Amino acid sequence: MALPVQSQIKYWSIATAIFIAALWFLGDVILPFVLGGAIAYCLDPIADWFEAKGLSRAASVALITLIAALVFVVMFLAVIPTLIQQTAQLINTAPELFQNLQNWLTERFPQVLDEESTVRQQLIAIGEAIQSKGGDLFNGILSSALSLINMLVLLVVVPVVAFYLLLDWDNMIAKIDDLLPRDHAPTIRQIAHDIDRTLASFIRGQGTVCLVLGTYYAVALMIVGLNFGLVVGFIAGLITFIPYVGALVGGALAIGLALFQYWGVVPVTDGDTVSYATDWLRIGIVAGIFGFGQFLEGNVLTPKLVGSSVGLHPVWLLFALSVFGSLFGFVGMLVAVPVAAMLGVVARFFIAEYKNGRLYKGLSGKTGE
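Each residue of the sequence shown is one higher than the one before, starting from 123 at the first, in our numbering.
These are computed hints drawn from the structure, not numbers from a lab.
Source: prediction; values computed, not measured.
Quick reminder that beta carbons are idealized off the backbone N, C-alpha and C, glycines included.
Any given hint could be a false lead.
[What the hints assert, rightly or not] If you anchor each label on the Cβ, the simulated ranges turn out as follows: (1) Phe-417 - Arg-311: 38 to 46 Å; (2) Gly-176 - Lys-477: 16 to 24 Å; (3) Gln-416 - Ile-345: 30 to 38 Å; (4) Gln-416 - Asp-300: 42 to 50 Å; (5) Gly-378 - Gln-207: 41 to 49 Å; (6) His-315 - Pro-425: 41 to 49 Å; (7) Pro-425 - Leu-465: 33 to 41 Å; (8) Tyr-286 - Met-455: 39 to 47 Å.
[To be verified] Derived BS3-like pairs: lysine-lysine, alpha-carbon spacing no greater than 30 Å straight-line: (9) Lys-426 - Lys-132; (10) Lys-297 - Lys-426; (11) Lys-175 - Lys-483; (12) Lys-297 - Lys-175; (13) Lys-477 - Lys-175.
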């Protein structure tokens, strides 16, 4: 005999409260396990593919671990030092960027930017704030990331957790399935399947899109010769999961840096007079890189890797990231996407149940006009 609805609500409420309390009180402690679980979830299809090709689960996980270790070593030696260096340089260059912008505005709109102008004072304040606050933040991140505890978490705990979770993933899923309440097991399995499909489309698919576009932006901008191209590509790729935002933010940053770098650098000789013109070609190439990136994302990458619909509206995703990040910090931001997907699927399930119920259809059982 199934439990009364009141008892079911009570038990599910207790489970939700325990989940929230665990995030609240154990955020820093469970961080490596959340990261490890996310990595294992993303790599499980690869392990299944290797198993389908004839390898055992242990051999598949060992091969994935070896490949991941090689990628990490290459990234650590070739990419991360350059990224850190360019980020520090960009922070230190910010006041000069704003000074050049101020000079440009002064030349063309002298009445706006006089010595007592509010706009002038704000530009100076923004440049100084970015240098001071950005430098403090960057130094804090570096000191935190290079601390012994965080190094152990990144280099030891997370990979170990990911390895063992990936090795036992199928067994864990089977044991969880065995613990489902028998009366509701089919419904829970269907909801879990929908959640997995949504997460797979978004995290695995959109994560691949972010990686491909970030790499493309970084490599293309560095080939063009744009300063801080690696940083711009990293930022643009990191926020590509929000439609159009990655391209807009990255494009605005790249074009702004291109204007700063290529403005008045081409020597033009007119008799004995030498003047300097702006290299509009390179600026146009930088803009074209992001235009092509948008075309690639909208017409090739997203349809192929993510699909037409993943059930996660960008506004809902931003809301979940903001709320969970504010309440639970970095761990909250990590679990925001899975929880948002879960809540979205559950909400659609209850809406479907409501539309099939008496409250929606009425006594006649018809939907009406």
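Hints, verified against the model:
1. Phe-417 - Arg-311: 38 to 46 Å: Cβ of Phe-417 to Cβ of Arg-311: about 40 Å, so the range 38 to 46 Å holds.
2. Gly-176 - Lys-477: 16 to 24 Å: Violated, since Gly-176 and Lys-477 (Cβ atoms, about 47 Å apart) do not stay within the stated range.
3. Gln-416 - Ile-345: 30 to 38 Å: 19 Å, violated
4. Gln-416 - Asp-300: 42 to 50 Å: 47 Å, holds
5. Gly-378 - Gln-207: 41 to 49 Å: 20 Å, violated
6. His-315 - Pro-425: 41 to 49 Å: With Cβ atoms ~22 Å apart, the hint is violated.
7. Pro-425 - Leu-465: 33 to 41 Å: Taking Cβ atoms as reference, Pro-425 and Leu-465 lie about 26 Å apart, which means the hint is violated.
8. Tyr-286 - Met-455: 39 to 47 Å: 24 Å, violated
9. Lys-426 - Lys-132: 42 Å, violated
10. Lys-297 - Lys-426: At roughly 33 Å apart (the allowed maximum being 30 Å), Lys-426 and Lys-297 break the hint.
11. Lys-175 - Lys-483: Given that 30 Å is the threshold and the Cα spacing comes to 51 Å, the pair is violated.
12. Lys-297 - Lys-175: 25 Å, holds
13. Lys-477 - Lys-175: Distance of about 44 Å is beyond 30 Å: violated.
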